[in-house]
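*Asks:* Here is what each chain is made of, one letter per residue.
2 protein chains.
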Amino acid sequence: MFKPAALALATASLVFAGNAIAETAQTERHNVEATTIAEGLSFPWGIAFLPNGDALITEKSGTLRRVGMNGVIGEAITNVPDVVYKSQGGLLDVAIDPNFADNNWVYLSYSEADPAGGEGNSTAVARGKLIGNNLQEVEVIFRGAPKYKSGAHFGSRLVFSPEGYLFVTLGDRYSAMDDAQTLDNHHGKVVRIWPDGSVPEDNPFAGKEDALPEIWSYGHRNVQGAAIHPDSGALWTVEHGPKGGDEINIPKAGANYGWPIATYGVDYDNSIISEKTHVEGTVQPHYYWVPSIATSNMIFYTGDEFPAWQGDVLVAALKTMKVARLDLEGDRVMHEEDLFVDLVNQRIRDIEQGPDGAIYLVTDDRNGKLIRISNADE
Amino acid sequence: MFKPAALALATASLVFAGNAIAETAQTERHNVEATTIAEGLSFPWGIAFLPNGDALITEKSGTLRRVGMNGVIGEAITNVPDVVYKSQGGLLDVAIDPNFADNNWVYLSYSEADPAGGEGNSTAVARGKLIGNNLQEVEVIFRGAPKYKSGAHFGSRLVFSPEGYLFVTLGDRYSAMDDAQTLDNHHGKVVRIWPDGSVPEDNPFAGKEDALPEIWSYGHRNVQGAAIHPDSGALWTVEHGPKGGDEINIPKAGANYGWPIATYGVDYDNSIISEKTHVEGTVQPHYYWVPSIATSNMIFYTGDEFPAWQGDVLVAALKTMKVARLDLEGDRVMHEEDLFVDLVNQRIRDIEQGPDGAIYLVTDDRNGKLIRISNADE
Ligand SMILES: [Ca+2]
Ligand SMILES: [Ca+2]
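Protein chains in written order, with this note's numbering: chain A, 29 to 406; chain B, 29 to 406.
Honestly, I wouldn't trust all of these hints.
Stated by the list, open to error - Partial chain A-side listing against chain B, Cβ under 8 angstroms, derived:
1) Glu56
2) Trp222
3) Val294
4) Pro313
5) Tyr315
6) Val361
7) His363
Read the hints as simulated data drawn from the structure, not as lab findings. Computed from a predicted structure; not experimentally measured. Glycine residues also receive a C-beta, built at the ideal position from the N, C-alpha and C atoms.
Chain A extracted, bound-state conformation (with noise of 0.2 angstroms):
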């Protein structure tokens, strides 16, 4: 039986979720069923998946869980690395090496005090080798500069390409917005490194004068969302706009996507801002938003479970509690439809597909949930 009063109750360590209960919901193409699989995690932040089916899944407030598909909500990892637990900063995204099977590394970005002692902070990746519960080896192999002290606009999420670089997406810090602009910081920037941290030679900015060699792209607002286009290969983000203006941008290596002297935010009334949407030298977005929908994350979909959605983009939105989905033709979006409205009911914070091609969600509360998406045709 199914027990709210006990789950609310329940925060931490090895938590049964109990029967899960579904709802269904229909939509343009597929009948779909949510499942809440797990509840009770502390605003949840980013979901990997094991080679076994487990996942992996961050707490904000600095806690790494193993959740098991039958609801089991593991102690948490232990070793994981201090983070500034914050505003918007914490504990953030999560994924597993390419090679997990092989060397168990675990890669996990996070908002990091100065190590100086120094009040400012910055988003930090740092990877450990995940062996039984404990991270082993743990080792800082990002750090963004500078430190900073604000507590908005951390980013992030860690993407492999299929090349084995690492992206990591980073956020302009909010009062430190003109810094996306220029290249000796990593405010607003998504980087691409190697996953000991080492810098690509080939970088965009490698070897130049007053650039950072790590950065990929530059002109970034706060860039939520991450995913490798599972036929280009080419990475895909989504970031906030200001109030209005979150935008899909297809990163170009050394290219400038705008922030903040190019936007198309608009004002809470829905007037434009002073901004200018097209400025020379800075790259449209591929798709924008306006009203923004608060976008998180973003997949590729590309499962069995929903035959009518491969190849589509989900773009999942915290203050809209949505997913949209982008219907593409290669790279060009012909559509849009919004899912699961009414059916999530929290912010998403997270999407992933899991391994059995069912979509994942984690919502962003104090009783956060992991949710299974499936489908419920006939």
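Please arrange chain B with the ligands on chain A, whose structure you already have, making use of the hints.
*Replies:* This is chain B with the ligands only, laid out in the frame that chain A set:
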């Protein structure tokens, strides 16, 4: 003073609209003002601007009128071809010759009865020289084949390409939908002819057996919107889907746009219908809507009145009484905005850009209006 009572009675000949009333609304990038230039038009269908700034407007019942921007509606222009005014049939689109200033040719599309006296009808195109308030030297330059007994899906729009070809967009006649996939008829086709009705030698099916030489593209459902892209010179069309699946296409010579074997149409309860979305040998839509917005005509906006909309597609809609703005980068749709919702409040049958850069709409109503949308930014 504005006298609605008097206007409601006025249905023909020399109506002065009185002092126009205007309403304003906000959009993402411009404030707009809607002014009713004229009303009392009987189900107006097509608008074409004359070099002097007057508009020619068709009324579905078979009347063509000159309407001044001061609101003066002229008497019926004489010698317009007889039309079959029934259900969706009647006098449809109007276009003026690219060399109108020299040759006075006006082109009309309409539902034509079978000249042999049969019960069928089809879309036809006639042209005549507009001299004063009279059409002279009227000749039928295109006659859809076969004549078919149906009151539905006649298309049509008339647009000239930069090379001087005349594109005529057609419908599948509803109950003859399967004909859209065969080339021995004009149902569900876009055709390309010279302005005198002769067939261009390089038409894709010219000289082919069992194919009508006028055909440019096929597999369309009911194409009621068309425009030429201002940069590429390519034809773009918009067609009604069945119950969902309204499509923008960029019809290429000889290509098959899928209807009725491939469609994004969905049923009234939003569940999928049996038709496939992808069929080998058919071209995916450039962009589509589910549910249907009930598209009528489209333009590419190029004027100075709304600088932020330059290069955008504007698609007018009947059922949803709005205009969809598609922000383009090249041919790619980056964003869609609903314009003029709760501003027009009538089904919009045609949209054109005026010589002044303002946007002109006619509404599909017994008391149809000609509305000017102008810039109300401060
Ligand atoms: Ca941008
Ligand atoms: Ca089609």
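*Asks:* Which numbered hints does this structure break?
*Replies:* 2
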